[in-house]
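Undergrad: In case you want the letters, here they are:
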Amino acid sequence: TQLLEQSPQFLSIQEGENLTVYCNSSSVFSSLQWYRQEPGEGPVLLVTVVTGGEVKKLKRLTFQFGDARKDSSLHITAAQPGDTGLYLCAGKTGANNLFFGTGTRLTVIP
Amino acid sequence: ETGVTQTPRHLVMGMTNKKSLKCEQHLGHNAMYWYKQSAKKPLELMFVYSLEERVENNSVPSRFSPECPNSSHLFLHLHTLQPEDSALYLCASSREGRRNEQFFGPGTRLTVL
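Top line first, the protein sequences correspond to chains A and B.
Just so you know, we're using this note's numbering here: the first sequence kicks off at 1 and counts up by one.
Just so you know, we're using this note's numbering here: the second sequence kicks off at 1001 and counts up by one.
If we strip away everything but chain B, and leave its shape as in the complex, we get (with noise of 0.2 Å):
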């Protein structure tokens, strides 16, 4: 398999289930992205790992915790969340360097009921 990759790509879930989301690149890259894509806001950068350390966490709320075992991999954990973290979230990677050309997943749709 090629590219950036996304499991689940759709999840529905309640305030209090516990649930992860998976990101997997098989591009080569050292540098991983969490974004979430709502309705009527630009794309908001959540993390960033690179070289497997966290490099950048945008003010992003507890309930959501980030992993990155290896380069290749990345997860997104959910608990009790809130039907406003509701969107689409996006996963990217890229090559660390000046042009930080990122090659997104497909996203996971979370709906939270």
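Just chain A, with the same shape it has in the complex (with noise of 0.2 Å):
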């Protein structure tokens, strides 16, 4: 089973300010995803990224993949109470095959 490691777990700040999600492994992937889950509700894709050193922009919110295709980070700026929720990274091996990480549950405060 292929493990992606998130960090920070948890993550709390104040409306306004930027803030970086990590999530690692030591296998290789063809892709990786970022979705967004709020409580109550299943995880929402936000992005894909497939190729390595790819950089993705959503608005406030950049994608980038590692080089080697191992890892990704996802970056907010200005953050807002909306972008509260659980980020969840998952890297794809095989057909179906998507590995879900650890998440990171983000709070930020009005």
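Worth flagging that the hints you see were computed from the coordinates, not collected in a lab.
Because the structure is a prediction, the values reported are computed rather than measured.
Think of the CB as a built atom: it goes at the ideal place given N, C-alpha and C, for glycine as much as any other residue.
Please note: incorrect hints may appear among the correct ones.
To be verified - Below, computed lysine to aspartate or glutamate pairings styled on EDC-like, alpha-carbon distance capped at 16 Å: (1) B:Lys1041 x A:Glu5; (2) B:Lys1041 x B:Glu1084; (3) B:Lys1040 x A:Glu5; (4) B:Lys1036 x A:Glu41; (5) A:Lys59 x A:Asp83; (6) A:Lys56 x A:Asp67; (7) B:Lys1036 x B:Glu1084; (8) B:Lys1036 x B:Glu1056; (9) B:Lys1036 x B:Asp1085.
Stated by the list, open to error - Incomplete in silico selection of chain A near chain B, CB under 7 Å: (10) Glu41; (11) Gly42; (12) Pro43; (13) Leu45; (14) Thr48; (15) Lys92; (16) Phe100; (17) Thr102.
What the hints assert, rightly or not - Example chain B residues on the side facing chain A (calculated, C-beta under 7 Å, incomplete): (18) Pro1042; (19) Leu1043; (20) Leu1090; (21) Asn1100; (22) Glu1101; (23) Phe1104; (24) Gly1105; (25) Pro1106; (26) Gly1107.
Taking the hints as your guide, dock the two standalone chains into a single complex.
TA: This is the structure in structure tokens:
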């Protein structure tokens, strides 16, 4: 089983601050996805990165895939209360195998 | 109705009960998944169905029995569960292919007494 470690596990910040969440593994993935999950709901896909070194931006969110395709980061600029949630990274290996990370629970305080 | 739906949203059952969880996807996908989400543990993949055939069973106890009658519907039959099986059970679907972007339902919160 591929293990994806996310850090930090918990993060509580003030509105307007910047933050970075990390997703690390010793395994190589063909692609990596980031999801956000809110209480009482299933995870919602934010982005998929495929190429080593790839950077994708989604408004205030910046996602980067490591050059070796083993790790990824999510940077949020000027966090807002609506960003609160559980952030999950997930690495894909075979045709259907998607391995989820341990999660980072983010709270943005107004 | 669009997306992935799951029923019931909440379920409380005794250890001797038999119940079923239902998942339906309206996205035209051809792969469906069951996941278990427990506190303090990563999402655990339980079963994968691709083109209505089970292609993955990650050492799940036999008290969990999946069924996929067609590409739009997925069931998880439960019997003689244990309290440690209490968790959020999530269904997801995707289109076969390299990107494998999975779309999740809202989950069923299961409590086993």
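Undergrad: Now, for every hint given, state plainly whether the structure supports it.
TA: Hints and how they fare:
no.	hint	verdict
1	B:Lys1041 x A:Glu5	11 Å, holds
2	B:Lys1041 x B:Glu1084	13 Å, holds
3	B:Lys1040 x A:Glu5	12 Å, holds
4	B:Lys1036 x A:Glu41	13 Å, holds
5	A:Lys59 x A:Asp83	12 Å, holds
6	A:Lys56 x A:Asp67	14 Å, holds
7	B:Lys1036 x B:Glu1084	12 Å, holds
8	B:Lys1036 x B:Glu1056	14 Å, holds
9	B:Lys1036 x B:Asp1085	9 Å, holds
10	Glu41	5 Å, holds
11	Gly42	3 Å, holds
12	Pro43	5 Å, holds
13	Leu45	5 Å, holds
14	Thr48	6 Å, holds
15	Lys92	6 Å, holds
16	Phe100	4 Å, holds
17	Thr102	5 Å, holds
18	Pro1042	5 Å, holds
19	Leu1043	4 Å, holds
20	Leu1090	5 Å, holds
21	Asn1100	6 Å, holds
22	Glu1101	5 Å, holds
23	Phe1104	3 Å, holds
24	Gly1105	5 Å, holds
25	Pro1106	5 Å, holds
26	Gly1107	5 Å, holds
Hint check: no violations occur; every hint is consistent with the structure.
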